[in-house]
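Protein chains: 2
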Amino acid sequence: MLQSKLFFETRKGVPKEEESKNAKLLIRTGFVDKLSSGIYSFLPLGFRVLKKIENIIRNEMQEIGGQELLMPALHPKENWQKTNRWETMDDLFKLKTDSQEFALGPTHEEVIVPLAKKFIQTYKDLPLYLFQIQTKFRNEKRAKSGLLRGKEFLMKDLYSFHTSEDDLDSYYEIVKRAYFKIFKKVGIAKFTYLTYASGGSFSKYSHEFQTITSAGEDIIYICQNCNLAINKEIKAENPYCPNCKSKNFIEKKAIEVGNIFKLKTKFSEPFELYFTDKDGSKKLVQMGCYGIGLGRLLGTIVEIHSDKDGIIWPKSVAPFMVHLIPLDLKDQKIRKISEKLYQELLKNSLEVLYDDRVEKSIGEKFVDCDLIGIPFRIIVSKKTLEKNSIEIKERKSKIKRLIKIKNLIHYLKEKAL
Amino acid sequence: MLQSKLFFETRKGVPKEEESKNAKLLIRTGFVDKLSSGIYSFLPLGFRVLKKIENIIRNEMQEIGGQELLMPALHPKENWQKTNRWETMDDLFKLKTDSQEFALGPTHEEVIVPLAKKFIQTYKDLPLYLFQIQTKFRNEKRAKSGLLRGKEFLMKDLYSFHTSEDDLDSYYEIVKRAYFKIFKKVGIAKFTYLTYASGGSFSKYSHEFQTITSAGEDIIYICQNCNLAINKEIKAENPYCPNCKSKNFIEKKAIEVGNIFKLKTKFSEPFELYFTDKDGSKKLVQMGCYGIGLGRLLGTIVEIHSDKDGIIWPKSVAPFMVHLIPLDLKDQKIRKISEKLYQELLKNSLEVLYDDRVEKSIGEKFVDCDLIGIPFRIIVSKKTLEKNSIEIKERKSKIKRLIKIKNLIHYLKEKAL
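Chains as they are written, first to last, in this note's numbering: chain A, 1 to 417; chain B, 1001 to 1417.
Honestly, the hints are just simulated from the structure, not real lab data. Any given hint could be a false lead.
[As the list claims (entries may be wrong)] Under the rule of at most 30 Å between Cα atoms (straight-line distance), these lysine-lysine pairs were calculated in the DSBU-like manner:
| no. | chain 1 | residue 1 | chain 2 | residue 2 |
| --- | --- | --- | --- | --- |
| 1 | A | Lys176 | A | Lys34 |
| 2 | B | Lys1012 | A | Lys117 |
| 3 | B | Lys1184 | A | Lys347 |
| 4 | B | Lys1034 | A | Lys136 |
| 5 | A | Lys396 | A | Lys176 |
| 6 | A | Lys5 | B | Lys1415 |
| 7 | B | Lys1413 | B | Lys1190 |
| 8 | A | Lys124 | B | Lys1118 |
| 9 | B | Lys1118 | A | Lys34 |
| 10 | B | Lys1204 | B | Lys1247 |
| 11 | A | Lys12 | B | Lys1021 |
| 12 | B | Lys1117 | A | Lys365 |
| 13 | A | Lys16 | A | Lys34 |
| 14 | B | Lys1266 | B | Lys1347 |
| 15 | B | Lys1117 | A | Lys413 |
| 16 | B | Lys1282 | B | Lys1118 |
| 17 | B | Lys1406 | B | Lys1315 |
| 18 | B | Lys1282 | B | Lys1021 |
| 19 | B | Lys1347 | A | Lys118 |
| 20 | B | Lys1136 | B | Lys1181 |
| 21 | B | Lys1347 | A | Lys415 |
[Stated by the list, open to error] To give an idea of the interface, some chain A residues facing chain B are shown, with a C-beta separation under 10 Å as derived from the structure:
| no. | residue |
| --- | --- |
| 22 | Leu6 |
| 23 | Pro76 |
| 24 | Leu104 |
| 25 | Thr107 |
| 26 | Phe366 |
Just so it is clear, CB atoms sit at the ideal spot from N, CA and C, and this is done for glycine as well.
For reference, chain A alone in the conformation it holds in the complex (with noise of 0.2 Å):
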């Protein structure tokens, strides 16, 4: 893409109100923009990193079998009094009109487990994985985090049914490596504590996935012994660590990327969702549930990847590889070279931005490069054309090292994909 008709300003300065370094940092970058507390656009360049982390998280839901569907937010009140939530759930968004009256959906069970009602007859429908990406909403009071904690935000929820408590247990067990296998390839797995959670009600533990930054809201402990850690509501209930019974815990603020609940048959139950067994007895669906923010994982992965001078975006999520600079456009050859070069990247699916802005400085086009993170940067000069090659920079790093120009892409190819 040429970066001089992308739909992108660095904006000078930090916005006063937001306190969160992930919205400061993508505001001040172009990636998103502040409607109103708690609401935020994805400007071209955060869609694109927003895009690649949905394409992540939608292959690793297809892998254990999740089926893709896509629910409405629009939920009638009848749904929610079914289950009680109408009056209890905390920031519902409610909603009249003169006939009928709606909740906001912030989660879906209200709508899956009826829907699922009318699929499932026997035990031959069973198990059976749904999920979907899809806008949640949520009246939020304390939205001060930027994309942390919303008012509307992207989440990926799916929704399992099981014809016992074994499956649902050795499902949930399939969802929790998957979950890894996520935020490795996001870049915050090695930060990422699976965390004991209340189960409720209905469930001994649920499970949170808790990233350590010190941007978090929540506080976990991490047990030194297994490495698993507990929330502030386990950690106060029972001071022994659930899995190796150790008492030595460290304490750290965290970011809950993803939770994960035992539903069993809590919703079942009010919808009556039953099955007939092998032996022709009529048996509750057992269910489990399980959320990733989307929002929420790219603000984090920008609380962890980034440092004074801008966002470090792993390759994965990265909006585009290559940012190209040629260090001087008015001069013929360099303009040229970089113009082929610019192609030639296209040609071989590397994404590249590539930066022909006539007005900007050499040294603002710099600032700018290392605010917006993309992982190399390649300058094209009179200096490193002298040698045939172009200087590549990765973000990452910040070794700069000369490349012959034509052993870039097969250099690129083995770095980058």
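Let chain A serve as the given structure and place chain B on it in line with the hints.
Using the frame of chain A, we list chain B on its own:
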């Protein structure tokens, strides 16, 4: 995909409360589910079609320079007051919290104009083309046309920003052509007419893309001389064709599958969206907006491409390309060869639904197959195997033919891709 695992069930009979053919068929075939009047879920089969439509639209928008972003559904009341549409727009869903009022966006001028204002300074920042594929809301009182008119629906909305009316005019023509490309790709161009509609107070005309079908809620008048159409409003004002001045029209029922407007300065004015022109003068930005509803397009395709037996998906948007049905799953040879074929089709990127359901009779499978409407049905039977062949039938033409197994992939690649 194995049909036994697919979250889907063709339902006997027709939902009583549904009046529209598209909703009846899509619900019966398990493509969509109705949550409430005008509110639908896309089930895995329907979701696959929706994604194909989405990608076709996205590609065409990128072809004409569109940059994708994603704006929120929650819009602060203040934005809508600025354009006077908070009070005047029918069907606006309004939401009140303790501290704030929101509209649920039925369109995004109120968000994108103040957003663009943050980035557009001079003529160098123009033209600019921004689009999104995003969920819209409208408090629709007559939601009885299935996917054609919903309370919640996916839209592609493109907004263009220009230095002059001339530039807007020429881009408007580019979008027209892109729209016809889209309608051609999804198989409805032949039935779709560019239709003059009112331009409101700010433009002489806007244009609708109207697809003629008996299910249409609109009436259009097709000029028998130049093949353009006009809508009811225009007809009432002036009995002559605005293009060729002919008076010879025929009346048809039609569905509006897209619309395009020259907004000119209607929205740049209230938001004071100015740019500095080459001569240093400050001018209002000229704008256009261009919409296509994805669910409505899907519903229209079904209205057009179906017969008494079910849906007949155009290849470009079909949920699968091939429906593979072994005539007798208990026959070891048939089963082995079918499974081998299934793997081979997958390996060759031919999307295939494999009917491995043991509890269904072959009669039921054929009925389901016609209902679902996948372009190619392949039957593997004792008789076909005697000739080392399979039977292939196109859903469209109903012509059956025997094809040697070894030639099948080649045949399908020629026909399908």
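Inset, instruction - Identify every previously stated hint that the structure contradicts and give their numbers, smallest first. - result: 1, 6, 8, 11, 14, 15, 18, 19, 25, 26
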